[in-house]
Amino acid sequence: MSAAAEDAVTEAPAVEAVPKRAMTLGTGTSLVILAALLVTPIFVKNFVVFQMTMVMIYGIAVLALNILTGGSGQFSLGQSAFYALGAYTSAVLMEVANVNYALTLPIAGLVAFGAGYLFGKPALRLSGIYLALATFALAVAMPQLLKLHFLEHWTGGVQGLTVMKPDAPFGLPIGQDKWLYYFTLAISLAIYIGSINLLRSRSGRAFMSIRDNEIAASAMGVDVAQYKTLAFGVSAGITGIAGGLSAIVVAFVAPDSYTINLAIALFLGMVVGGVGWLPGSFVGAAFIIFVPNIAESISKGLSGAVFGVLLFLVIFLVPHGARQVAMVAQHLLGKLTKKN
Amino acid sequence: MMLSTRSAAFATALIASIAVSGSALAQKKYDTGASDTEIKIGNIMPYSGPASAYGVIGKTEEAYFKKINAEGGINGRKINFVSYDDSYSPPKAVEQARKLVESDEVLVVFNPLGTPSNSAIQKYLNSKKIPQLFVATGATKWNEPKDFPWTIGWQPSYQSEARIYAKFLMKEKPDAKIAVFYQNDDFGKDYLKGLKDGLGAKASMIVAEESYETSEPSIDSHIVKLKATGADVFISITTPKFAAQAIKKIAEVEWRPLHIVSNVSASVGSVIKPAGFENAQGILSANYAKDGADAQWDNDPGMKKFYEFLAKYYPEANKLDGSVVYGYGAAQTMVKVLEMCGDDLTRANVMKQAASLKDFAPDTLLPGVKINTSAKDFAPIEQLQMQRFKGEKWELFGDIISGELNN
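Chains as they are written, first to last, in this note's numbering: chain A, -4 to 335; chain B, 16 to 422.
Extracted from the complex, chain A is given alone in its bound form:
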């Protein structure tokens, strides 16, 4: 898996003249997808709306990892820790301090950003697989930290914390699920656009130069340590917002929700979606939510094995993930339109 990821990283889009196109979808396609996302909830059942909301939330978290790995070339297996931090920040603020749910999100993001930045400071002396291991330790430690006795008063300890699900504001005539869907969609959109702009900015170029060649980057005057830590912090912050959203939508947080499995799932989502290709994050998120269900419907006892086979097929057939599929589709489409 990591070989494929590294491969994708080295075959970086940054060498292309217009990095934006390599990172995103065309404007037309984006608008069509957005329109589809806006309309779909009207026609489907509430639980499908809920699943789509979860896809977007995991999508945001995968996107955050994509900025870190696809953008600045660093690995993290600790994203579940920042996700948990965001989720607990939102949940505790809502339940204990009675803060409005929408207001808890920026706080969750800031807390996770702070934690990511501080963790990044010492950890970023490590690189490559060593950094991956350090972050792995963080992911393993997090569920236990959430169980700590002296935090129990706020976190609910091992039993977790149930959160009130918010209703639509201003008396809008839509259900909780649909409201949370549109709420999440708006936030996803903001984060998506913000991330693209970030990667296209001066900082983004600095990230990519570090990814492509650290020595060359520092020779050109990029403060490598500073930008690496920043990428880590931004990624953690966005993951924290995703975690906060998940607490609101699932309406329950418990240490068992944020185990190392979640971190691995997010990593998997990134690889399947295509490392460095932001729209792929949401495809990857859909993969980690729906493919286990498909695997389970094929065989209950062997769902893990079936999932493994499906994953293997994807990595084997399309090693660059959804990005590769999209590129091929675009290529074919181009050919067709030329012929006509």
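If you're looking for bench data, these hints aren't it; they were derived computationally from the structure.
Just so it is clear, the structure is predicted and the values come from calculations on it, not from any experiment.
Where is the CB? At the ideal position from N, CA and C, for every residue including glycine.
Please note that a few of the clues may not be correct.
[To be verified] With the Cβ distance kept under 10 Å, some of the chain A side facing chain B (calculated, not the full set):
1. 135
2. 159
3. 298
4. 302
5. 329
6. 330
Put chain B on the given structure of chain A with help from the hints.
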């Protein structure tokens, strides 16, 4: 023309259906998920992930409902058992619960497993007024009919079991120095609380508490540390793998405390045998179900039925696995409730019947242990009997004890 015929037909059908349902109201009543031919039961199990060993419960239940269907169903209705995997992850449990309710449209959600998963779906199911029946967790919080009238437990709660040990110790060994070894999660902490509540003013009998994480490969160092405290009672609030390790290690370091192992790990097949029979002599525990590995039940009529069921409908099952016995008992309780519902298969009636079980004894429960529920008592099994390990099996002793929390 086409359109008007259709709408006319639709209107006729509508009127007809209203008329039919109106006249049939007296006898048959259905909510979503039940009909003349079928009852749809939803379930959530960790078939994958850290707790996948418990997936056997879901498979046993599926096999049991297959047996019921083969024998003609319940009042002529076949059971359609829809079971999904949540890999012990609460967010996934929420997704699967919603799928069961909104897409599969089940009548009830039966025996979903795990405290975190059940906590995550409890509010949702109660707000939708879907019965969350016989949850597969020993947490104490499922017996709250006032706040959660749609949630009911099944097995004795961890706290009530722990109180039984506390009572036993205060009576038999009032000067005990207790060392508690517990798993650092909801199971371990709930138990510890029950133990302390049970000891009450005598809680100072506990001289040492030590916890472990399920991710630890070996617990040896904890045992050595606890031995050094000079305790003479060792209470093991552990899951099977760690319970076996503890039994073995205690024998190795030649510590001879009075050893009490939680019911969760009282299985001969998965704990005692791997730890070695010679190391397990004299260990105490409490139980409410018969052990499928115990030869003393070979001629028991209830267990005979159980073995016949396994042979015919679930031959690949390991009868030494306590989860098989568990799934059988839970599924039998579910069937009993549906039988009591008769033709009134509304969710409200299912809940009402689940809360009016009187002296019901599934085949796999110990003689004398009976399921009783009422509108104020949502804790079906509350009795346990102490047992001591001797030779190659558990020997029951003393009376059936009630661990009810209000005494």
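Practice problem: Please write out, lowest number first, the hints stated earlier that are contradicted by the structure. | Solution: Those not satisfied are hints 5 and 6.
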